[in-house]
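Chains as they are written, first to last, in our numbering: chain Z, 1 to 107; chain A, 1 to 114.
Derived by calculation from the structure, the hints in this document are not laboratory data.
Some clues are possibly wrong.
What the hints assert, rightly or not - The calculated lysine to aspartate or glutamate pairs, modelled on EDC-like cross-linking and capped at a C-alpha distance of 20 Å, are: (1) K57(A) / D81(Z); (2) K11(A) / E52(A); (3) K57(A) / E3(Z); (4) K106(Z) / D81(Z); (5) K55(Z) / E17(Z); (6) K68(Z) / E17(Z).
Said to hold, decoys possible - Sample of chain Z residues with no beta-carbon within 10 Å of chain A, all distances over it, derived: (7) G16; (8) S24; (9) E67; (10) M95; (11) R96.
Treat the numbers as computed from the prediction; the structure is a model and nothing was measured.
For each residue, glycine too, the CB sits at the ideal point set by N, CA and C.
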Amino acid sequence: KNEVEQSPQNLTAQEGEFITINCSYSVGISALHWLQQHPGGGIVSLFMLSSGKKKHGRLIATINIQEKHSSLHITASHPRDSAVYICAVAGNNDMRFGAGTRLTVKP
Amino acid sequence: DTGVSQNPRHKITKRGQNVTFRCDPISEHNRLYWYRQTLGQGPEFLTYFQNEAQLEKSRLLSDRFSAERPKGSFSTLEIQRTEQGDSAMYLCASSLGAGANVLTFGAGSRLTVL
């Protein structure tokens, strides 16, 4: 079993839909990162959180430390949101990554 | 500072050749990480440096792989006697301090071993 599990692996949505991507982890962490990777592009950090909830524009990230679970929500999704979303958990020294969720938003 | 810079962006080599990738992190970042990413997978940790000290190496990093950060600034990742299985995107990231700080990634160096 991977230390960081994401679901779903692939997600197709219509423009305007509300999107949820989930991340569960099994190790102790100091922080959790949500990253975005566009096809052929580099990785961009969206959020880093260690408790509660953060919001940036149409993106919301939540984390439940007790349940070792985090969610990334996208409201009013748009085709430009199409990308791979990666959950990464930070320990003291390194980071472990989920396999990513490939999101496709159709117009 | 324009972020984390990696070069070359793409390297095509024949099996058995040596390749070297360079990463220039954000100047004030003391931590530098190397990751490998294959198609359809999330990044896998390879190694990381705090300043010039290499503090952890993944078991994925065989003896054909070596990484250095001689002056605590830029880093190089060398792969000797490349194999087709080494074909991947090699990502560098840097941060100020430990994992609970924002991680900034480079665009990656894609290696294709023929």
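- Checking against the hints above, which ones are violated? The structure conflicts with hints 1, 2, 6, 10, 11, although it agrees with all the remaining ones.
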